[in-house]
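Participant: Add chain B to chain A, keeping to what the hints say.
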Amino acid sequence: MARAASTQRKVTVTIVAWVVALVIFFPILWTVLTSFKSEGDAINISHFFQTPWSIESYFEVQSRSDYFRHFFNSVIISVGSTLLALLFSIPAAWSMAFAPTSRTRDIMMWMLSTKMMPAVGVLVPIYLIFKTLGLLDNAWGLMIVLMLMNLPIVIWMLYTYFKEIPVDILEAARMDGATLGKELVYVLVPMAVPGIASTLLLNIILAWNEAFWTLNLTAANAAPLTAFIASYSSPEGLFWAKLSAASTLAIAPILVLGWISQKQLVRGLTFGAVK
Amino acid sequence: MGSIQLQHVNKSFGAHAVIPDASLTIEDGEFVVFVGPSGCGKSTLLRLIAGLEDTTSGEILLDGRDMTAAPPAKRELAMVFQSYALYPHMTVAQNIGFPLKMAGMDKAAIDAKVKEAAATLNLSSYLDRRPRNLSGGQRQRVAIGRAIVRQPKAFLFDEPLSNLDAALRVNMRLEISELHQQLKTTMIYVTHDQVEAMTMADRIVVLNAGNIEQFGTPMELYRTPANRFVAGFIGSPKMNFVDGAEAAKHGAAAIGVRPEHMQVSTSAGAWKGTVGVAEHLGSDTFLHVNVDGLGLMTVRTEGEKQLHHGDTVWLTPDPARIYRFDKDGRSLRAN
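For the protein sequence lines, the chains are A and B, in the order given.
Okay, so the first sequence: first residue is 1 according to this note's numbering, each after it adds one.
Okay, so the second sequence: first residue is 1 according to this note's numbering, each after it adds one.
Take every hint as true, because none was put in to throw you off.
DEER-style ranges, computed between Cβ atoms: (1) A:Val185 to B:Asp128: 21 to 31 Å; (2) B:Gly39 to A:Val79: 43 to 53 Å; (3) B:Gln151 to A:Ile129: 52 to 62 Å; (4) A:Trp259 to B:Gly39: 48 to 58 Å; (5) A:Tyr127 to B:Ser57: 49 to 59 Å; (6) B:Gln7 to A:Val185: 29 to 39 Å; (7) B:Asp128 to A:Pro100: 35 to 45 Å; (8) B:Gln7 to A:Ile129: 47 to 57 Å.
Here are the simulated SDA-like cross-link-like pairs (lysine to any residue), alpha carbons at most 20 Å apart as the crow flies: (9) B:Lys101 to A:Pro190; (10) A:Lys182 to B:His89; (11) A:Lys182 to B:Ile110; (12) A:Lys182 to B:Met102; (13) B:Lys101 to A:Leu184; (14) A:Lys115 to A:Ala211; (15) A:Lys163 to B:His89; (16) A:Lys182 to A:Pro166; (17) B:Lys107 to A:Tyr186; (18) A:Lys182 to B:Gly104; (19) A:Lys182 to B:Ala70; (20) A:Lys263 to A:Ile205; (21) A:Lys182 to B:Arg150; (22) B:Lys74 to A:Leu180.
Honestly, the hints are just simulated from the structure, not real lab data.
C-beta: ideal position from N, C-alpha, C; glycine also.
Isolated chain A (complex conformation) (with noise of 0.2 Å):
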């Protein structure tokens, strides 16, 4: 009787769970299917399945806004942003898990909350600092921004990594003469390899979707993939068949990331939650 409840329980979790993968995977075979469609294909759902496929589109796309140029702002963003915010949050990780004070953990959940806010908020101010320091449509510029905007989950998450060092083996590494550098560089990094890796992971992730700031902040010279996508987003005419190919090239350097380091990923993001 439990052995059959048992069955029927996890044959309704398993349709369960295709059913919400598909409807979230859904748009993004749209996507793909329409891009290798004709402009008036694309809008006709009964040609849903049944087109003369063509990558027209595809050419285009690159002839049009030259992908390539789009592609290399995101690598530049997404990876330059991950690497300042490593530099900045690896030993403010390490200040806070291993020489807490009584307001870290305040410090801690105000960081957090800064993530709450808007972005929107602070556009305007964000806006004319970058105006007044000419780093609107600047690469470094983005960097920063999106290093900013990130910090506090990266810091997060390799507090958490951080935390799973056994204090001992740092002081071990302080009798042994090393100085806070050495001991960084030469124990605390080595060992949290595989969290770094999955929380640079995340951020180059997010920082490559990232769509608010990179559309407000640039206009041709440092403009990534968001802005390249946004470029076909028009009110008028019939884009989509050329939308979907520049969303597709768009997505797909990033979505080949994700599913080689899934493992990485997922474990990242479950760590310290089941001890």
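Facilitator: Here is chain B on its own, set in the frame of chain A:
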């Protein structure tokens, strides 16, 4: 040289003083054991010497130089941790050579020193392994290797044998004692196990609630304990204590008799009682006797005593080995 002096060292966390006021002089080359129950502050005292904790007040002198504010790296001390604290991402050779690398020594010299230390500790065939592929005893040896390789002024051991099984613990105890004979370097060893303290130490510091109760050789502590706490803590099985009228007969608030200083008879003696539990160890028999009017007492007798639960026995303490204490627990020396 490796003398260590503590002058009125205090360590407090907020209003709570973990070490109220500790003063101590450890001579160069001595093997000193800090012993006491859990939470007595022995590990904190060791960490203060190591520089892993800051003192609230007082001075710590190494070879006469004030090192109270110096970071651990500058104190030229080596520490072996209870958890071994090996670097899991490094091989045995890299673990042992790490302090030398931090000191900026060149690779050839590091290799030579690592090989020498590994040979001393029978680790030569494990140099390329990582800590996770070693047994507990081997890991502890690597931790010791990492400590001896740079010839520190003193070694600090923080309960290094607690994670080992009983048989291995005895072997490692001997190895550490032999190492001390060989190196003649100052060693401070923290343990809660009074057998380790008695067998290894030149001198023992008995700690209780952060206070140094007594500092002396193992035999001084055994023969002339300063107070009831030391008397109860040193010696295995524990000393038996008697209060009230029986103690008053000896002019004391309490008296103590060690289990090995009592005679057992089935016919006559000073205190009559009933055997509760008899532990037969082969070489010795421990009897836990419920003595009428005095409570539970432990007696140690040599060889195999054929006594069992429920047997009536008489106990007679050796009058020359009765320890007397005043109402505050201090030892009363002369009769």
